[in-house]
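So the chains spell out like this:
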Amino acid sequence: MNILVCISNVPDTTSKINFNDDNKGLNTAGLQFIINPYDEIALTRALELTEKAGGTVTVINVGDASTEPTIRKALAIGATDAVRINAAPRDAFFVASQIAHFAKGKNYDLILCGRESIDYNGAQVTAMIAELLDLPAITIVKMLEINGNTATLEREIEGGKEIVDCPLPLVAGASEGMAEPRIPNMRGIMSARTKPLVAVEPIAIDQLTEIVGYDKPKPRSTVNLISSDDVDKLVQLLHTEAKVI
Amino acid sequence: MLLNYKGLAQKIGVFLYKTSNNSTEKIYLLYPNFSKYKTLLLRHKKNKEMATDRFQGVDYFQIDELLTEEHILVRNSVRDWVKREVSPIIEDYAQRAEFPKQIIKGLADIGAFGPYIPAEYGGGGMDQISYGLIMQEIERGDSGVRSTASVQSSLVMYPIYTYGSEEQRKKYLPGLAKGDLMGCFGLTEPDHGSNPSGMLSNIKDAGSHYILNGSKMWISNAPFADIAVVWAKDEAGDIRGMVIERGMEGFTTPETHGKWSLRASATGELVFDNVKVPKENIFPNVKGLKGPLGCLNSARYGIAWGAIGAAMDCYDSALRYSKERVQFGKPIGGFQLTQKKLAEMVTEITKAQLLAWRLGVLKNENRASAQQISMAKRNNVNMALQIAREARQIHGGMGITGEYPIMRHMMNLESVITYEGTHDIHLLITGMDVTGINAFN
Ligand SMILES: Cc1cc2nc3c(=O)[nH]c(=O)nc-3n(C[C@H](O)[C@H](O)[C@H](O)COP(=O)(O)OP(=O)(O)OC[C@H]3O[C@@H](n4cnc5c(N)ncnc54)[C@H](O)[C@@H]3O)c2cc1C
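Protein sequences appear in the order of chains S and V.
Counting in my numbering, the first sequence runs from 15 upward without gaps.
Counting in my numbering, the second sequence runs from 41 upward without gaps.
Isolated chain S, as found in the complex (with noise of 0.2 Å):
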């Protein structure tokens, strides 16, 4: 079994976001990038389901030279080569289109990205990856199950879960639950260094989107205490200042 695993670069949960460009794009300084987590975890499931069955786990990163260290990190992880298409990603239709380009005729039976990246939350990647393919989509998958040419997949929904048979190919989006992402080792970062790792030059694609400006959300308002026997202040507060009655 072949499988496409589709990684993002993005800043770290923990990072404190700036913006530069007059408010129109991101300021990278000094902050740390890593694997969309949600990428980690498809990748993890990609490398189980190879262990077992037999078969190669690509990683595909569209992004600029400096998302190297992220995909060298999925190589020590486990993937057996890497890919980068050459290109800072503009949006998602952008991503799907150079993805689902490099995807065409390599026959791979399963391609998995995360549910969403973490940056933008966009969550449109792998539906649109799935339709310029022509294949079936199947997203916020907490469960994923291969049994010779069918999979099946366990969906979150609003109170409940949906179990999905799928013929292969197919392309999924990975939510938690599929698996526990894996911490690379000494001797996985040590053959990541001679595991290929090709760029390779984007296909021109339209721009869909138009990025006008970043705002940063309210910071949070502190909290007023309020005695417990000043019943009236509450009430004049909720009136006056918080306007709710």
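Worth flagging that the hints you see were computed from the coordinates, not collected in a lab.
Keep in mind that this is a model prediction, so the values were computed, not measured.
Every residue, glycine too, gets a C-beta built ideally from N, C-alpha and C.
A couple of the hints might just be wrong.
[Stated by the list, open to error] Across the chosen pairs, the derived CB separations fall in these ranges: (1) A383(V) to R234(S): 56 to 64 Å; (2) T164(S) to E206(V): 47 to 55 Å; (3) T70(S) to N235(V): 32 to 40 Å; (4) E206(V) to S205(S): 24 to 32 Å; (5) P51(S) to T475(V): 38 to 46 Å; (6) V401(V) to P231(S): 43 to 51 Å; (7) K380(V) to T70(S): 53 to 61 Å; (8) T223(S) to P371(V): 36 to 44 Å; (9) A102(S) to V401(V): 50 to 58 Å; (10) R94(V) to P231(S): 15 to 23 Å; (11) T223(S) to R360(V): 53 to 61 Å; (12) P371(V) to A102(S): 53 to 61 Å; (13) P51(S) to W300(V): 39 to 47 Å; (14) G369(V) to D246(S): 22 to 30 Å.
[Unchecked claim] Partial selection, computed: residues in chain S whose CB lies under 7 Å from chain V: (15) P83; (16) K87; (17) R196; (18) I197; (19) P198; (20) N199; (21) M200; (22) M204; (23) V226.
Given the coordinates of chain S, assemble chain V with the ligand onto it according to the supplied hints.
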């Protein structure tokens, strides 16, 4: 975990159950339209988890730029492993003065045993800076766990690799790297600590084998080790190294109890009562004190890095606490006296990082002298101990509890500043090096 949520669940009228998936607890809520409460519960759970280890590394001088991409991956991977496997359990084991034996497998899997031993013998084949960073991150978790890894790598695998015969290398190294075999290192004796050349342990040639007599004290990992690298004098008075295996008749390893330091590491004695040692167990390629000292150079180098880990953990905790703890109407981090402590801590950590990094470069080029290693071990361990003491003050009363790692680090570092050459002995090494005059005896 379930109990914590039960009250809340009853209040908001939802039903919840718990499953266990690869030891991670998952809470599922079954209720239509519960998203609001689910988010609330998950956030609560997340905060609780994060409270256990929110460590962030210290890099005030962009020292990461001196490291390779691979070094950073090594460091971050071991850091993640420590957060996952060491931090959640270590306080409990230290309180109970028990070695968490189950982490041996994890240490082996992550690659902490023999990182710089060539891959053909099961080692990692990595460079010295990677080894240093691994030690730093493990000691960030606990000096006792780092001691186990140091002993296995530098005091057991290193001498077998460096002084051992090809048969000895093949026999022991792959098992040691996998953690299937654990080793210890016996140099110190009850009456010979700083002065190991006066050791009394001895071997006598008995034709087909040697007979070993004597005892070793303060030996890390001794109580559970499968093999011991032991140093003893032959009949000519030369120090020889050898591998002693558990099960050899007359060899026992009583445990040392009542330690207030390195409580999560097992320490013991090695007692040799007419132990028959096969001749092929003696290291063929070294004689004299330079044998054990070569091992110590490698271990001390790792300690120079390890101490930075303990110091960073204390600083990280103190910095966070000083921003959160409010007294006299403002965070204690806003008082000049607290800022002096924090500013000096980050300064000292930065200096220690540069010292360790430069030593690593020299070591990679095979140019690090024993005297340079002494200076780095002495400086960095003392730096960590001073920071632990200051960090403890910043935490006030909380600093003496197991809620924070500070007191554990501080107590651990009292061993680290003593073993592998005491603070004063390393000073005398530098003193002798710069003056050319021996002040030891
Ligand atoms: C938890 C722990 C684990 C250990 N693990 C191991 C191990 O795995 N293997 C092993 O072989 N050893 C191990 N050791 C032993 C350690 O290396 C010794 O404790 C250390 O070398 C000091 O020896 P000592 O305790 O006999 O102190 P001593 O040598 O008696 O020193 C006592 C004091 O006298 C000072 N002193 C001694 N000589 C001089 C001098 N010439 N001039 C000035 N001051 C001097 C010392 O600096 C020290 O302050 C361990 C120790 C501890 C505490």
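Okay, the hints, checked on the actual structure:
The given range of 56 to 64 Å is broken by A383(V) and R234(S), whose C-beta atoms sit roughly 29 Å from each other. Between T164(S) and E206(V) the beta carbons are some 53 Å apart, a value that agrees with the proposed interval 47 to 55 Å. Between T70(S) and N235(V) the beta carbons are some 59 Å apart, a value that contradicts the proposed interval 32 to 40 Å. The hint said 24 to 32 Å for the Cβ distance between E206(V) and S205(S), and at roughly 25 Å that hint holds.
Between P51(S) and T475(V) the beta carbon distance is about 57 Å. The supplied range of 38 to 46 Å is therefore violated. Separation of V401(V) from P231(S) is about 44 Å and conforms to the stated range, judged on CB atoms against 43 to 51 Å. Between K380(V) and T70(S) the C-beta distance comes to about 57 Å, which sits within the given range of 53 to 61 Å. At roughly 42 Å, the beta-carbon separation of T223(S) and P371(V) lies within the given 36 to 44 Å, and the hint holds.
Distance hint check for A102(S) and V401(V): the Cβ-Cβ separation is about 34 Å, which falls outside the suggested range of 50 to 58 Å. One distance hint, 15 to 23 Å for the beta-carbon pair R94(V) and P231(S), holds here, with the actual separation near 22 Å. The hint said 53 to 61 Å for the Cβ distance between T223(S) and R360(V), and at roughly 39 Å that hint is violated. Taking the beta carbon of each, P371(V) and A102(S) are about 40 Å apart, not inside 53 to 61 Å as hinted.
The beta-carbon spacing between P51(S) and W300(V), approximately 40 Å, falls within the hinted interval of 39 to 47 Å. In this structure the hint that G369(V) and D246(S) lie 22 to 30 Å apart at CB holds, the actual value being about 26 Å. Given hint, P83(S) at the interface with chain V, holds; its Cβ is 5 Å from that chain's nearest Cβ, closer than 7 Å. The beta carbon of K87(S) comes within 6 Å of a beta carbon in chain V, closer than 7 Å, and the hint placing it at the interface holds.
A cut of 7 Å between beta carbons decides the hint on R196(S): the least distance to chain V is about 10 Å, and the hint is violated. Evaluation of the I197(S) hint against chain V yields a held restraint, the C-beta minimum of about 5 Å falling below 7 Å. Restraint check, P198(S) versus chain V: the minimum CB separation of about 5 Å is within 7 Å; hint holds. The interface hint given for N199(S) holds, since its Cβ lies 5 Å from the closest Cβ of chain V, which is under the 7 Å cut-off.
This hint holds: M200(S) has a C-beta 3 Å from the nearest C-beta of chain V, less than the 7 Å allowed. For M204(S), the shortest C-beta to C-beta distance to chain V is roughly 6 Å, which falls under 7 Å, so the interface hint holds. For V226(S), the interface hint is violated, since its Cβ never comes within 7 Å of a Cβ in chain V; the closest pair sits about 29 Å apart.
Checked against the numbered hints above, the structure breaks hints 1, 3, 5, 9, 11, 12, 17, 23 and satisfies the rest.
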